[in-house]
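Colleague: Produce the complete structure using the sequences and hints provided.
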Amino acid sequence: MKLSRFTRAGLATFAACVVFFLIAPLLVILLFAFDASNVQTFPIHHWTTSWFSVAWHDPAVRSALWLSVKAGVLATAIALILGTMVAFGIHRYRFFGRDTVSLLLVLPIALPGIVTGLALQSAFNLVGIPFSIYTIVIGHATFCIVVVFNNVVARLRRTSTSLMEASADLGASPLQTFRLVTLPTISTAVIAGGLLAFALSFDEVIVTTFTAGAQNTLPLWIFGAIRLGQQLPEVNAVVVGVVLLTLIPIAFAARMSSGEGTGRSTRSSI
Amino acid sequence: MSSLTVPVSPSTASQDGIVLRGVSKHFGDHAAVREVDLDIARGEFFTMLGPSGSGKTTLLRLIAGFEVPDAGSISLRGVDVTSKPPYQRGVNTVFQDYALFPHFTVAGNVAYGLRVRKVARSERDSRVRAALEMVRMTEFADRKPAQLSGGQRQRVALARAIVNEPEVLLLDEPLGALDLKLRQEMQVELKRIQRQIGITFIYVTHDQEEALTMSDRLAVFRDGQIEQIGHPVDVYEHPATEFVAGFVGTSNVIMTQHGRAVLRPEKVELSTGPVSSDREGAAGHVADVAYLGMVTRYTVQLGDGRLITAVQQNRSTDGEHGRFAPGDVVTASWNVADAFPLKTTSATEIQ
Numbered sequence: 001m002k003l004s005r006f007t008r009a010g011l012a013t014f015a016a017c018v019v020f021f022l023i024a025p026l027l028v029i030l031l032f033a034f035d036a037s038n039v040q041t042f043p044i045h046h047w048t049t050s051w052f053s054v055a056w057h058d059p060a061v062r063s064a065l066w067l068s069v070k071a072g073v074l075a076t077a078i079a080l081i082l083g084t085m086v087a088f089g090i091h092r093y094r095f096f097g098r099d100t101v102s103l104l105l106v107l108p109i110a111l112p113g114i115v116t117g118l119a120l121q122s123a124f125n126l127v128g129i130p131f132s133i134y135t136i137v138i139g140h141a142t143f144c145i146v147v148v149f150n151n152v153v154a155r156l157r158r159t160s161t162s163l164m165e166a167s168a169d170l171g172a173s174p175l176q177t178f179r180l181v182t183l184p185t186i187s188t189a190v191i192a193g194g195l196l197a198f199a200l201s202f203d204e205v206i207v208t209t210f211t212a213g214a215q216n217t218l219p220l221w222i223f224g225a226i227r228l229g230q231q232l233p234e235v236n237a238v239v240v241g242v243v244l245l246t247l248i249p250i251a252f253a254a255r256m257s258s259g260e261g262t263g264r265s266t267r268s269s270i
Numbered sequence: 001m002s003s004l005t006v007p008v009s010p011s012t013a014s015q016d017g018i019v020l021r022g023v024s025k026h027f028g029d030h031a032a033v034r035e036v037d038l039d040i041a042r043g044e045f046f047t048m049l050g051p052s053g054s055g056k057t058t059l060l061r062l063i064a065g066f067e068v069p070d071a072g073s074i075s076l077r078g079v080d081v082t083s084k085p086p087y088q089r090g091v092n093t094v095f096q097d098y099a100l101f102p103h104f105t106v107a108g109n110v111a112y113g114l115r116v117r118k119v120a121r122s123e124r125d126s127r128v129r130a131a132l133e134m135v136r137m138t139e140f141a142d143r144k145p146a147q148l149s150g151g152q153r154q155r156v157a158l159a160r161a162i163v164n165e166p167e168v169l170l171l172d173e174p175l176g177a178l179d180l181k182l183r184q185e186m187q188v189e190l191k192r193i194q195r196q197i198g199i200t201f202i203y204v205t206h207d208q209e210e211a212l213t214m215s216d217r218l219a220v221f222r223d224g225q226i227e228q229i230g231h232p233v234d235v236y237e238h239p240a241t242e243f244v245a246g247f248v249g250t251s252n253v254i255m256t257q258h259g260r261a262v263l264r265p266e267k268v269e270l271s272t273g274p275v276s277s278d279r280e281g282a283a284g285h286v287a288d289v290a291y292l293g294m295v296t297r298y299t300v301q302l303g304d305g306r307l308i309t310a311v312q313q314n315r316s317t318d319g320e321h322g323r324f325a326p327g328d329v330v331t332a333s334w335n336v337a338d339a340f341p342l343k344t345t346s347a348t349e350i351q
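Those protein sequence lines, which keep their order, are chains A and B. All residue numbers for the first sequence refer to my numbering, where the first residue is 1 and numbers rise by one. All residue numbers for the second sequence refer to my numbering, where the first residue is 1 and numbers rise by one.
Heads up, a few of these hints could be off.
Unchecked claim - Covered by chain A, per the in silico footprint, the following chain B stretches (three or more residues, Cβ under 8 Å):
# : region
1 : 89 to 95
2 : 100 to 112
Stated by the list, open to error - Some chain B residues close to chain A (C-beta under 8 Å, calculated; not the full set):
# : residue
3 : A64
4 : F66
5 : P85
6 : P86
7 : V116
8 : R117
Stated by the list, open to error - Label pairs and their calculated CB-CB ranges:
#  : chain 1 : residue 1 : chain 2 : residue 2 : range
9  : A       : L111      : B       : E35       : 51 to 61 Å
10 : B       : R121      : A       : V205      : 53 to 63 Å
11 : B       : G28       : A       : P184      : 28 to 38 Å
12 : B       : R136      : A       : L183      : 25 to 35 Å
13 : A       : L183      : B       : R121      : 21 to 31 Å
14 : A       : I23       : B       : P85       : 50 to 60 Å
15 : B       : K84       : A       : V19       : 52 to 62 Å
16 : A       : L103      : B       : R136      : 49 to 59 Å
17 : B       : G28       : A       : S173      : 25 to 35 Å
18 : A       : S173      : B       : R136      : 28 to 38 Å
19 : B       : E35       : A       : R255      : 50 to 60 Å
20 : A       : A12       : B       : Q184      : 48 to 58 Å
Because the hints were derived from the structure by calculation, they are not lab data. The structure presented is a predicted model; accordingly, all values stated were derived computationally and were not measured. Ideal Cβ placement from N, Cα and C applies to all residues, glycine included.
Modeller: Structural data, given as structure tokens:
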């Protein structure tokens, strides 16, 4: 369909407005992170980068950052193993309750975080598990598994099964086929899923609130600091850091799952 | 069954080639292959022809080992392979979608079978080179499959299979995705390669012309069973059933004193005179004319209302599409011997 010049200009303007609406609040934070004043007013009179240094040397921020990174890495590792395995199971085998398992997997993302969080807290209390980094990791793993599973299962569905058959036909044992054909075919999907999972874990607040106990992850520290309202410029600097740390893996993941997907040539030839 | 010689007799086949006995395969309630017996000799170009869903591809997958039969046995050079996995059989497959590994180069794809079988590097390299030479793809060795055209991928898929020197090469509609010109080119190429390496080819297609052109023998499949098996000339000129007559080429089914008979359109001659004494025929008028380039196809309505199709070669270049036009009164006639009597029922109806 060809659009008239007028319609096209109109649509472009509208799209620009939407993007601005989404991005503008982030820009406000970015600007105030460089504001020398303690009180946020516009226009900004004095510029500084000192808040970043303050944040970097704040021991509370440091321990929160370290906890977030550790929890994110552990949750991602669990999600990579379990998510990939479940993707293979669901994709390859037809068994009783297969659709139910698919649905249950996606539930942690579909349910409000507050429900997941509350449920986990009650369960931990009931069984008598003390809150620690491991309870945070378990909480995060519930939704991280979904991301890895979705990515891998989508790639498996797009991969022609004749690739695995061809490998067996040429004399490869099941293990050789997995190592030489299956794994390279799904590797970018696994990595993309892992990066997304880490990004999700790194900025999670709600489930973490219920499973962290007395410790602070970075998002929890931000949340607390805002409520106290006394370190706002420092918070802005930390938030900018979080945005960057989250954006980088997501950008990588997006490139991996859209661009150099393997199995492309076989799909286009069908 | 026929006057023509079948190139290989089953007795030698059972020593050397592939033997299928009572092979059946069901998918749920659907019987894809039903009690098929088949002997394919070593070095034969054997084609399995049939409409989609007739069981030919399933039978190929059973021979390859991707499926396990519910009943029956498959043996290869006297060894029972019925329950062996694909990687323990001396067969290789050329897939319909080629199934080239996207993350390997052309050379990497061709080397794959040798690599997983731990063939020494130097031997591997020389065999890959020879296989690429055979399919004329040497200069593309370092490309990725995504950078190749459909015809080139086809050649790589072929090289990847034959480099392993299998006893049997299975080809699942290998030319299905190519355009007509390339198809014809590859048909010639496949025959050349088969003669050169002398291994058994089992070729699945739904294209009857391809089957007639290339095969030493062909089997026509219908509803999971073999309707007829024989030399291409035999199957075309002496179809066993109405289904075979209709699927392999087009044909008229006429009534004779001995019952129903098949009459190929090119055996029907159109003229204006009466039917000569040594021929059979009937008068009618031309209902439809289709100019097809090499030939013209007439549909003639006979006096009793039946339609008969006649194909006449366009031997002159005078610009007229033929001697007859719609509405012309003509006589359709044929040699009595050219009308081949049909069995009263097809093989499947007997069941």
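Colleague: Within 25 to 35 Å: is that where the Cβ-Cβ distance between B/R136 and A/L183 falls?
Modeller: At roughly 33 Å between Cβ atoms, A/L183 and B/R136 fall inside 25 to 35 Å, so the hint holds.
Colleague: Three or more residues of the region 89 to 95 of chain B near chain A by CB distance under 8 Å?
Modeller: It holds: at least three residues are needed, and the region 89 to 95 of chain B offers 4 whose Cβ sits within less than 8 Å of chain A.
Colleague: Could you tell me whether the CB distance from B/E35 to A/R255 stays inside 50 to 60 Å?
Modeller: Given range 50 to 60 Å: holds, Cβ gap about 54 Å.
Colleague: Do the beta carbons of A/I23 and B/P85 sit within 50 to 60 Å of each other?
Modeller: 55 Å, holds
Colleague: Given B/P85 was flagged as interface, is its beta-carbon under 8 Å from a beta-carbon of chain A?
Modeller: 7 Å, holds
Colleague: Grab the minimum C-beta distance from B/R117 to chain A and call the hint holds if it beats 8 Å, violated otherwise.
Modeller: Given a least distance of 5 Å, the restraint on B/R117 holds.
Colleague: Evaluate the given range 28 to 38 Å for the C-beta pair formed by A/S173 and B/R136.
Modeller: Once the Cβ atoms are compared, 32 Å apart, the range 28 to 38 Å for B/R136 and A/S173 holds.
Colleague: Taking 52 to 62 Å as the hint, is the beta-carbon distance of B/K84 and A/V19 inside that range?
Modeller: Since the Cβ atoms of B/K84 and A/V19 sit about 60 Å apart, the hinted range of 52 to 62 Å holds.
Colleague: For B/R121 and A/V205, compare the CB-CB distance with the range 53 to 63 Å and indicate the outcome.
Modeller: 56 Å, holds
Colleague: Is it true that B/G28 and A/S173 lie within 25 to 35 Å of each other by Cβ?
Modeller: 30 Å, holds
Colleague: Closer than 8 Å between Cβ atoms is the bar; does B/P86 clear it against chain A? Give me holds or violated.
Modeller: 4 Å, holds
Colleague: Note whether the CB distance of A/L183 and B/R121 lies within 21 to 31 Å or breaks it.
Modeller: Between A/L183 and B/R121, where Cβ atoms are some 23 Å apart, the hint holds.
Comparing the model with each numbered hint stated earlier shows that all of them hold.
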